[in-house]
Every structure is written in structure tokens, then in C-alpha cells.
Amino acid sequence: MFKNTGSKLRTVAKWLGFLGVLGALVWAVYTIANEGDVVNAIVTALAAAAGSLLVALVIHTFGDMAVNDETRTALAVKADREAHGIFEEPSKAPKTVRRMSWSIYMRRYGTLYLLLLLPIIFFLVFRYYPMQWIALAFKKNDILTPLWQVPLAKNNGFEWFIKAFNMKSFRTALSNTLTLNLMDLICGFPAPIILALLLNELTFKRFKKVTQTILYLPHFLSWIIISGLATRLLADTDGMLNILHRQIAGSGASALPFLSNPSWWRWTYIVLGIWKEAGWGTIIYLAALTSISPELYEAAAVDGAGRFRRMWHVTLPGLRPTIVILLIMRLGGILGSEFDRPLAMSNKLVTDVSNVISIYVYNYGLKSYQYSLATAVGLFQSVVGVILLVLANTFANRMGERGIM
Amino acid sequence: MSIVKEANRSHAAKGKDGMIRNTQTRIADWIIAIICFIIMFICLLPMLNVLARSLSSATALQRNEVMLWPKGWNLDAYTSVLGNAKYVHSLWFTALLTIGCTVFSLFMTICCAYPLTYDHLRGGKFLNILILFTMYFSAGTIPHYLLMKNLNMLDTLWCMVLPGCISVYNMIVMRSFFFGIPESLREAAEIDGAGPLRTLVQIYLPLSLPIIATLALFYAVGRWNGFSDALMYIKKEELFPIQLYLYNVLQNTAQAEAATQEGFATPGVGETIKMATVMFATVPILVVYPWLQRYFIAGMTIGAVKG
Numbered sequence: 001m002f003k004n005t006g007s008k009l010r011t012v013a014k015w016l017g018f019l020g021v022l023g024a025l026v027w028a029v030y031t032i033a034n035e036g037d038v039v040n041a042i043v044t045a046l047a048a049a050a051g052s053l054l055v056a057l058v059i060h061t062f063g064d065m066a067v068n069d070e071t072r073t074a075l076a077v078k079a080d081r082e083a084h085g086i087f088e089e090p091s092k093a094p095k096t097v098r099r100m101s102w103s104i105y106m107r108r109y110g111t112l113y114l115l116l117l118l119p120i121i122f123f124l125v126f127r128y129y130p131m132q133w134i135a136l137a138f139k140k141n142d143i144l145t146p147l148w149q150v151p152l153a154k155n156n157g158f159e160w161f162i163k164a165f166n167m168k169s170f171r172t173a174l175s176n177t178l179t180l181n182l183m184d185l186i187c188g189f190p191a192p193i194i195l196a197l198l199l200n201e202l203t204f205k206r207f208k209k210v211t212q213t214i215l216y217l218p219h220f221l222s223w224i225i226i227s228g229l230a231t232r233l234l235a236d237t238d239g240m241l242n243i244l245h246r247q248i249a250g251s252g253a254s255a256l257p258f259l260s261n262p263s264w265w266r267w268t269y270i271v272l273g274i275w276k277e278a279g280w281g282t283i284i285y286l287a288a289l290t291s292i293s294p295e296l297y298e299a300a301a302v303d304g305a306g307r308f309r310r311m312w313h314v315t316l317p318g319l320r321p322t323i324v325i326l327l328i329m330r331l332g333g334i335l336g337s338e339f340d341r342p343l344a345m346s347n348k349l350v351t352d353v354s355n356v357i358s359i360y361v362y363n364y365g366l367k368s369y370q371y372s373l374a375t376a377v378g379l380f381q382s383v384v385g386v387i388l389l390v391l392a393n394t395f396a397n398r399m400g401e402r403g404i405m
Numbered sequence: 406m407s408i409v410k411e412a413n414r415s416h417a418a419k420g421k422d423g424m425i426r427n428t429q430t431r432i433a434d435w436i437i438a439i440i441c442f443i444i445m446f447i448c449l450l451p452m453l454n455v456l457a458r459s460l461s462s463a464t465a466l467q468r469n470e471v472m473l474w475p476k477g478w479n480l481d482a483y484t485s486v487l488g489n490a491k492y493v494h495s496l497w498f499t500a501l502l503t504i505g506c507t508v509f510s511l512f513m514t515i516c517c518a519y520p521l522t523y524d525h526l527r528g529g530k531f532l533n534i535l536i537l538f539t540m541y542f543s544a545g546t547i548p549h550y551l552l553m554k555n556l557n558m559l560d561t562l563w564c565m566v567l568p569g570c571i572s573v574y575n576m577i578v579m580r581s582f583f584f585g586i587p588e589s590l591r592e593a594a595e596i597d598g599a600g601p602l603r604t605l606v607q608i609y610l611p612l613s614l615p616i617i618a619t620l621a622l623f624y625a626v627g628r629w630n631g632f633s634d635a636l637m638y639i640k641k642e643e644l645f646p647i648q649l650y651l652y653n654v655l656q657n658t659a660q661a662e663a664a665t666q667e668g669f670a671t672p673g674v675g676e677t678i679k680m681a682t683v684m685f686a687t688v689p690i691l692v693v694y695p696w697l698q699r700y701f702i703a704g705m706t707i708g709a710v711k712g
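Keeping their order, the protein sequence lines are chains A and B.
For the first sequence, the working numbering assigns the number 1 to the initial residue and increments by one for each residue that follows.
For the second sequence, the working numbering assigns the number 406 to the initial residue and increments by one for each residue that follows.
Worth double-checking, as some hints may not be accurate.
Unchecked claim - Using 20 Å as the maximum straight-line C-alpha spacing, the simulated SDA-like pairs for lysine to any residue come out as follows:
#1 B:K530 with A:R99
#2 A:K208 with B:F446
#3 A:K209 with B:N653
#4 B:K640 with A:K8
#5 A:K168 with A:I359
#6 A:K209 with A:W280
#7 A:K14 with B:F509
#8 A:K348 with B:N653
#9 A:K209 with B:W696
#10 A:K8 with B:W696
#11 B:K554 with A:Q149
#12 B:K554 with A:Y369
#13 A:K208 with B:I436
Think of the hints as simulated: they come from the structure by calculation, not from any bench.
Just so we're clear, the structure is a prediction, and the values are computed from it rather than from any experiment.
Can you make the complete structure from the sequences, with help from the hints?
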């Protein structure tokens, strides 16, 4: 989109990272020399260095993205032009615009900034302004005095992090988050692929359309509604499946504890997730399928490949880039936690396996007024989340696939 | 080779996709269709069950006779739900809130996306990064709560409208769609003397109706289904959106269920009413989304490819 943005960004990122680490070192030496508090100095320096490296990494990734974009666009434009026998430079309008003086530019395009005014105010007020309260994670639990007057918490401000990691409930929440996300990944990720392959093989066009419409339906239902539906279907005493089970196995049979037994509940949670999102997930794969050349199928058929071999040797390889990207992004989001889903699905009997980090933050922060602790946990989650996402994206770019950033 | 021969022997016909079809592949086609039908049925099963329950008599429910077909047909549950003033109020309130939010969100999203499509926009790179950054790092639940508290927005309408009014993802989808509109149109308009605003209103918006429909659907469904913000910020009952109302109703059921498990209470009374409540919250979405299917598939695909 912009010329050379990418390489400029990368340079900026490298300098920023370098200067950040250097500054942190200088700062550490300076503090040790002046105050003699080694631990404090080292912790602060490490935090500063890590922070600047993180910012640098993010900017660097943006740079990578831009470079990818630029080269790809340039190559595509060039190929397109050559295919049409056009070799001259593209339109020169942007260059004249770039040379325009500020006053003329503003007179002609000032409306654009007027349009941007409200959105920018929105982002500053509702996205950046609240970031100041992140500082609460390092301060005493006090929201009534102005933020900058609140004293630092114990252990150089890391009291809440240390406390959280020593709490059983937080460790449970962390492991629940990872367990549920991993199960979701392993079971939920292949589901839309299989479904898309199936739909792709469906030859009855009108029936296919109806099927798709119905498969997309659950995506539009909220988790609250789904929990309502699921309870009626799966409840121990009067759920439909248990009524059926009793009719088959005799009335003396013990109920299937879909929602009341913790390990059963986990699977219910996963299966309902698949039920909700698998159909919606096929959209992306079906779109990718349309770009596979029909000639490949014909060639395969002529070579004697049956339905399954065509699926295996033509369709799946055609889907590979999409699968890789989505998989990497899912891995990047492994520490994220939804809020609606576990909250709506949970009940008293299964809180040990259903409490994830977002629920923990809600319970401790907003219900028990432990603002600092909850902010610290939230900060931990989002920082690790960003790092994982950036790593995933860099990895995707390395593999030659285009990431989402 | 053998397939071709076999196909010839069984009076092969060429399908629409150019594949050679014989009896064997036709059977496979039917098997796949049947599998798809079963999946479709599983998709609808919970809905059918709840629908049947909402239309059944309370006694039939208590005797556990209702599966997918109502027993003791009646509409009592629906009439009593419509007689519940609080619920009807919540339903209306959410409908109006959804419409308002959708219009406002679309306005903000267009305002944000359109200027960013000008590649000579001065400061555009900076704004781009400023906006994209919020997609990957957010301050978190507590800071957002404290923001609402400090802006005195707790327990007001605004805390459900403003914080979510631009979704960066949707903004990117819209921008990608704008990028797809040929630049020559814009240049022609500029030469004819149209300013950016006029170009937007007279050229870009009429061409972008499909994506506007898609994003309207996404925003509307998001607001209709959203409840975590209301749960955290709203204590006043007259501002409860439908999902929060539903959550409270169903949560009582779930706790009663758990209590039954432990051998305390009897199964909840007014079961059919709860089911009718669920149905009312679901129907508006069922009515709207199939009509927009063509569009949102395109919207999803743009977002995925260009995001």
C-alpha cells in the first residue's frame, strides 16, 4: 500500500529494540551505582528490556507484513500488466499528491480527517485511555485515590503476580484454559475441514444450499441460548437424550451425566463448540476450494483416481495453505479464553473444570473487588497472548504463507 | 482406464462438473447426501426439542413424554410470556438497542475505513498501526470496567453502545472491500470536481451495499447476542438486554437442576414458559440471517483473504 513502509518499519523496529535494551542496561548500571538496590534495578531493567523487545517485535512483524504485501502486490501488478502487454509506469496521480503543500492538501482532502475524527476519538478514549489502569496490576488494590498516588504493591510491584501464581484457583483456571483450548483445537479444528470436504462432494445443488443454510444457523445463536437448548437436551432427569437412554436401557439405568460430571462436561463443552462453529468454519474452506482448478480433478479422474483418491490428492493439497494459516493462528490463541461460553455452560457441579481465566478475572475483579489481582492476571494473559500471536504470525510468514497481521 | 471402460458399460452420463457418473458413484452421491442430512438433523435437533417443549402441556413435560413432537398442543406458554411485562420490555429494548447500535457502528466503521483507503493520506501509516494494535492487545476487563466507572457510564445505555462500536476486524473487511473498487472511478470523480465525501456517498457506498449488509448482520447479531458487557456494567433491570434476562432465567433453572441432582428441590415449574422465552430470543435471528447468506459468505471470504 505504501512504498517501502515495510523496510522502514523493520529498521525502526531494530533500532527500537537495540536502544531499548541499551537504555535498560544503562538504567540498571545507573541505579545500582546510585542506590545500591541490585534486585530492584535488575528487575526493572529486565522488564524495560522485555517491553521494548516486545514492541520492537510487534513493529517488526508489521514491517514483514508490509514487505510481503508490497512485493506481492508489485509482482501481481507487474505480471498483470505484462500479460496485457502494458509496460509503462502506473498512473502518476499519487506522486503529484505527495508533492502538494500542506495547505493545499488539507483544503482538498481535509474532509478525510473530519471523517476520521470520531473513530480516532473512539480508539483513543475506549482503547488507549483505559490502558493507564494496567498500572493497577503493579499497585496496591485501591481505585478510590487517583491512580498515580496509589503506592506500589509489595515485591517491587509484583505482589499480585506472585500471589496469583501461588493461588490454587488461578492455577486451576490456567490449566482449565489450556486444557479446554487444546481439546477444542484437536477436536474442533478438523471438523469444518471434514464438513467442507463432505459438502464439496455433495452433487445435489439445491440440497447443498439448504444444508449450508442450516449448518450456518448455530453460529448465530448466543451461548446463552445454546446453554438453554443444551440443558433441555442433556439434563440428567428430563433431558431428551437421557429419556431416550432410559427407554433403551430400562428405567433403572443411571442417567448419563452430560452436564453434571466434570469429565463428561468437558466433552459436552467441546461437542457443543463444534456444533456451533463447524458449519460456519466451512465457509472459508469452501471458498478456498473454488480456486482449485477443475482440470486437476478431470486429470485425476482420467488417471483412474476414485472419489477418495481425488479428495486426498487434489482437494486436500489445495486446502493446505488455508489449513496451515488457520492452524497456526489457533495455536497463537491457545491462551485466550472466551467469556460467554464457559459462563453460560457452567453450573455448580463442574466449576472445577469450567473456570477459565476470563471467569477468574470476572469473579475476583468485579465480584470480590480484587481489582489489582484481576488486572495482573488479565495483563499476564494478554501479554502472553500477544507474544504467542506474534510468534505464530512470524512462523506463518516464514513458511511462505501470509499471516493475518 | 478401467473406470472409463466401466463407465461406458453402464451408460455413463457426464455430470455438471464434467465427472463421469456411473451407478457406483451415484450410490456414493446418495450416501453422502444421507450423511449430510443426518448432520443437518443434528444441527436442528436441540431447536426442535425446545420448540416441541414450548408447545406442549406441562403435564406431558413432567411425564417426560416430549421428544421432537409436542404433546398436548397449546400456546399458553407463548401467551403468558407475552403477558410478562418485564420480558416484553426487555425484548423491545434490545430490538431498539440493536437497531441503534448497528446504524451507529456502521457509520463509525465507514468513517474509519474510507479515509484509510487513500494511499496518500498523510499520517495514514501511523493511524493504521494505532488501530491495528488494539486488535492484538487490549487493556483487559478491569481497566475497561474502571473506564466505564470513571466516565460515569455504568448503568446507562452508553456502556452497551460505545465501547464496541467499531470492531477492527469488521473495519478491515470494509476497507478491503473499498480497495476492491477500481481507483479509476475515484480519480474520475476527483477530476469532475467531487470531494472525498461526495465520492464516498455517491460512488463508494452504492457499490458497497453487499458488504454493508454483511457488516450490519455481524453487528446486529453481535449486539443481540452480546451479554458480557451488560452483565458487568448494568445493574438496573429496565436496561437488561434480552440475553442477560435469559441468562438470569436459565441460570435459575440450572441451579435448580443442580439442586435436584443433590436431592433438594423439585423440577422447575413453568418449564414450558422458559422454553418459549428461549424461542422468542431466537426467532429474530432465524428470520433475518438466511436472506443475507449470499452476502455474508462474500464478507467472510474477503476478511479471510485480505485481513
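Taking the hints in turn, this is what the structure says about them:
Pair hint K530 of chain B plus R99 of chain A holds up; C-alpha atoms about 18 Å apart against a cutoff of 20 Å. For the hint linking K208 of chain A to F446 of chain B, the alpha-carbon distance of about 14 Å falls within 20 Å, and the restraint holds. This hinted pair does not check out: K209 of chain A and N653 of chain B have alpha carbons roughly 37 Å apart, beyond 20 Å. Between K640 of chain B and K8 of chain A the CA atoms are separated by roughly 49 Å; this puts the pair beyond 20 Å, and the hint is violated.
Note on K168 of chain A and I359 of chain A: the hinted pairing holds, with a Cα-Cα distance of about 15 Å set against a maximum of 20 Å. A C-alpha spacing of about 14 Å is found between K209 of chain A and W280 of chain A, which places the hinted pair at or below 20 Å, so the restraint holds. With a C-alpha separation of about 40 Å, the suggested pairing of K14 of chain A with F509 of chain B is violated against the 20 Å cut-off. Note on K348 of chain A and N653 of chain B: the hinted pairing holds, with a Cα-Cα distance of about 15 Å set against a maximum of 20 Å.
Annotation: proposed proximity of K209 of chain A to W696 of chain B holds, straight-line Cα distance about 12 Å (limit 20 Å). Distance hint between K8 of chain A and W696 of chain B is unfulfilled; the C-alpha atoms sit about 46 Å from each other, more than 20 Å. About 18 Å separates the Cα atoms of K554 of chain B and Q149 of chain A, which keeps this hinted pair within 20 Å; it holds. Only pairs whose Cα atoms come within 20 Å are accepted, and K554 of chain B paired with Y369 of chain A is accepted, the gap being roughly 13 Å.
Restraint check for K208 of chain A and I436 of chain B: satisfied, since their Cα atoms lie roughly 14 Å apart, inside the 20 Å limit.
Violated hints, listed in ascending order, are 3, 4, 7 and 10; each of the other numbered hints is respected by the structure.
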